[in-house]
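Letter 102 of the sequence shown, counting from 1, is numbered 102 in UniProt numbering, and no numbers are missing.
Everything labelled a hint here was simulated from the structure, so no lab data went into it. The model shown is predicted, which means the values in this text are computed figures rather than measured ones. C-beta atoms are modelled at their ideal positions from N, C-alpha and C, and glycine is treated no differently. Treat the hints with care, as some may be off.
Simulated DEER-style distance windows between Cβ atoms [as the list claims (entries may be wrong)]:
1) Leu136 x Thr20: 21 to 27 Å
2) Val32 x Arg135: 31 to 37 Å
3) Pro47 x Ala24: 22 to 28 Å
4) Arg135 x Thr20: 16 to 22 Å
5) Ile6 x Ala43: 44 to 50 Å
6) Ile114 x Pro74: 29 to 35 Å
7) Val10 x His95: 37 to 43 Å
8) Phe98 x Tyr7: 38 to 44 Å
9) Leu99 x Pro47: 20 to 26 Å
10) Tyr7 x Arg106: 23 to 29 Å
11) Ile6 x Gly103: 38 to 44 Å
12) Ile89 x Gln31: 25 to 31 Å
13) Leu130 x Asp42: 28 to 34 Å
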Amino acid sequence: MRNRPIYDVVALLARCGVGTVFLAHGWQKIQVGVTATGRNLDAMGAPAPTAAAVYSTFVELLGGAALILGLALPVAGTLLFLDMAGALIFVHAKHGIFLVDGGNVRNGFELVLILGLASLVFAAGGGGRLTLDHRLFGRGGTRPGKDDEDDEDVPPWRATPESSKGRALSAPERTASAGEFPAPPETDEKSPSQPRLAAEMVTDTSRDVIVAGKKKPEPSSEDTAPVRTRKKTPKSGS
């Protein structure tokens with residue numbers, strides 16, 4: 001996790017350093033003259049030397065100033081990267097990597113490689129927040145007034161409500177945030193205080209007899225069993 005204030009200061013120093021180098025080279029071409037710069041590029045084997053001289057002169061001069069100020073960094077960084085890519089491919093690649101090797105000037109590509117990659121980083125948004133882009137347009141130079149804090153830089157266990165803005169909430173979270181609570185699940189059980197229906201209390205009333213508004217219990221089998229009587233036989237006379 002990067003510390004944003006420290007990163008912003010380091011990015012500002014890097015922009016000032018790289019921008020100063022570009023600004024110096026652009027001003028040097030202005031002093032020499034665009035025509036003389038075109039002749040030098042022609043001697044080095046660059047295609048379209050006059051157009052290349054005009055492009056490199058003004059892109060390096062204005063682009064270097066834009067890097068220092070932090071203004072239009074995506075555009076300035078991209079143009080400077082293309083400038084250094086053309087210089088590397090058409091001029092410096094054939095001379096090796098070193099500018100000076102053993103006291104001899106080789107005019108290698110180490111300087112244009114570093115400057116081109118640094119410009120690409122600034123174009124991709126690595127210029128920090130201490131820029132005119134952030135001051136005028138907000139985050140990334142596109143949305144005014146929005147803070148440039150990266151939510152990805154905050155670990156999950158240190159997340160705060162502010163860092164969780166914009167995250168979609170689930171249904172329980174939305175209910176809790178609104179001060180409501182979910183309804184309890186419905187069950188078939190009745191509350192003890194709720195009266196029961198007569199149909200639920202009577203299970204089988206097909207054989208019941210109602211007497212004076214009261215249910216008379218059905219007589220048992222013992223009560224309804226027939227009573228057997230013994231027949232008396234007359235005594236015979238002697």
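Each hint tested on the structure:
The given range of 21 to 27 Å is respected by Leu136 and Thr20, whose C-beta atoms sit roughly 23 Å from each other. At about 35 Å, the CB distance of Val32 to Arg135 agrees with the hint of 31 to 37 Å. Taking the beta carbon of each, Pro47 and Ala24 are about 25 Å apart, inside 22 to 28 Å as hinted. At about 21 Å, the beta-carbon gap between Arg135 and Thr20 stays in the expected band of 16 to 22 Å.
Taking the beta carbon of each, Ile6 and Ala43 are about 45 Å apart, inside 44 to 50 Å as hinted. Between Ile114 and Pro74 the Cβ separation comes to about 20 Å, which falls outside the hinted range of 29 to 35 Å. Judged by the Cβ atoms, the range 37 to 43 Å given for Val10 and His95 is violated: they are separated by roughly 32 Å. The hinted range of 38 to 44 Å is not satisfied by Phe98 and Tyr7, whose Cβ atoms lie roughly 32 Å apart.
Between Leu99 and Pro47 the beta carbons are some 23 Å apart, a value that agrees with the proposed interval 20 to 26 Å. Under the hint 23 to 29 Å, the C-beta atoms of Tyr7 and Arg106, about 35 Å apart, miss the expected range. Between Ile6 and Gly103 the beta carbons are some 40 Å apart, a value that agrees with the proposed interval 38 to 44 Å. Hint check: Ile89 to Gln31, Cβ distance near 26 Å, so the stated range 25 to 31 Å holds.
Distance hint check for Leu130 and Asp42: the Cβ-Cβ separation is about 41 Å, which falls outside the suggested range of 28 to 34 Å.
Hint compliance for this structure: hints 6, 7, 8, 10, 13 are broken, all remaining hints hold.
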